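Start from chain A and add chain B according to the hints.
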Amino acid sequence: RKEVEQDPGPFNVPEGATVAFNCTYSNSASQSFFWYRQDCRKEPKLLMSVYSSGNEDGRFTAQLNRASQYISLLIRDSKLSDSATYLCVASGDSSYKLIFGSGTRLLVRP
Amino acid sequence: EPEVTQTPSHQVTQMGQEVILRCVPISNHLYFYWYRQILGQKVEFLVSFYNNEISEKSEIFDDQFSVERPDGSNFTLKIRSTKLEDSAMYFCASSDPRGRDNEQFFGPGTRLTVL
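Just so you know, the protein sequences line up as chains A and B, in that order.
FYI, in our numbering the residues of the first sequence are 16 to 125.
FYI, in our numbering the residues of the second sequence are 27 to 141.
Each hint can be trusted.
Here are some chain B residues the structure puts well away from chain A; computed CB gaps all over 12 Å:
no., residue
1, 33
2, 39
3, 88
4, 92
5, 94
6, 96
7, 98
8, 99
9, 104
10, 105
11, 140
Straight line, CA to CA, 30 Å or less: simulated DSS-like cross-link-like pairs of lysine-lysine:
no., chain 1, residue 1, chain 2, residue 2
12, B, 83, A, 57
13, A, 17, B, 104
14, B, 109, A, 60
15, A, 17, B, 68
16, A, 94, B, 68
17, B, 109, A, 57
18, A, 57, B, 104
Only some residues are given here: those of chain A computed to face chain B with a beta carbon under 10 Å:
no., residue
19, 19
20, 47
21, 48
22, 49
23, 57
24, 59
25, 107
26, 113
27, 116
It should be emphasised that the hints constitute simulated quantities derived from the structure, not laboratory data.
Keep in mind it's a predicted model, so treat the numbers as computed, not measured.
Glycine is no exception: its CB is placed at the ideal position from the N, C-alpha and C atoms.
With the rest of the complex left out, here is chain A (with noise of 0.2 Å):
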């Protein structure tokens, strides 16, 4: 089993709608969570942190549920600059190594 899964996608949508991404980590002593995104061939850039409360940050929302080790990521009101391939990840039995999920790619079309 993959310890941090994700749906590849693509997921093509147009401007202004919500798409929802979906993550499955297999090491429930995972102890951090977070939304990277990666635009072609340059670094992961981190977008926001996850928790089981839940966060906002403007646009993006994130969720944790520990019980079905499952995290998510809402994205309201798709912009053109949003197109990004989004990565689920989880840290290991420490929080000093990051486990990357494949990846999901998003396309927002105008």
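Then chain B, alone, in the frame of chain A:
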């Protein structure tokens, strides 16, 4: 805004040669990392480094790899005898573990091409 920097942006080398990839982490960060990403694949952890020693390493990080913090600002990854399969993007990252989530911030990467 402080950022992680890496040099060179692209390194081409012959199989069997040694390469050194350089990174300058964010100045008040205490943990440093190397990750790699083979083209079309996911980002993979190589090694973490704290207080001048390796704190964790992956199975990929074998005896051909080493890391060093030679001075107060640089953090290097050395590959002693490169193989074709070492061709990848290598990302350096740093974090401040005193922060809430030990968020890691990545540099722009060095593209290593082994011929």
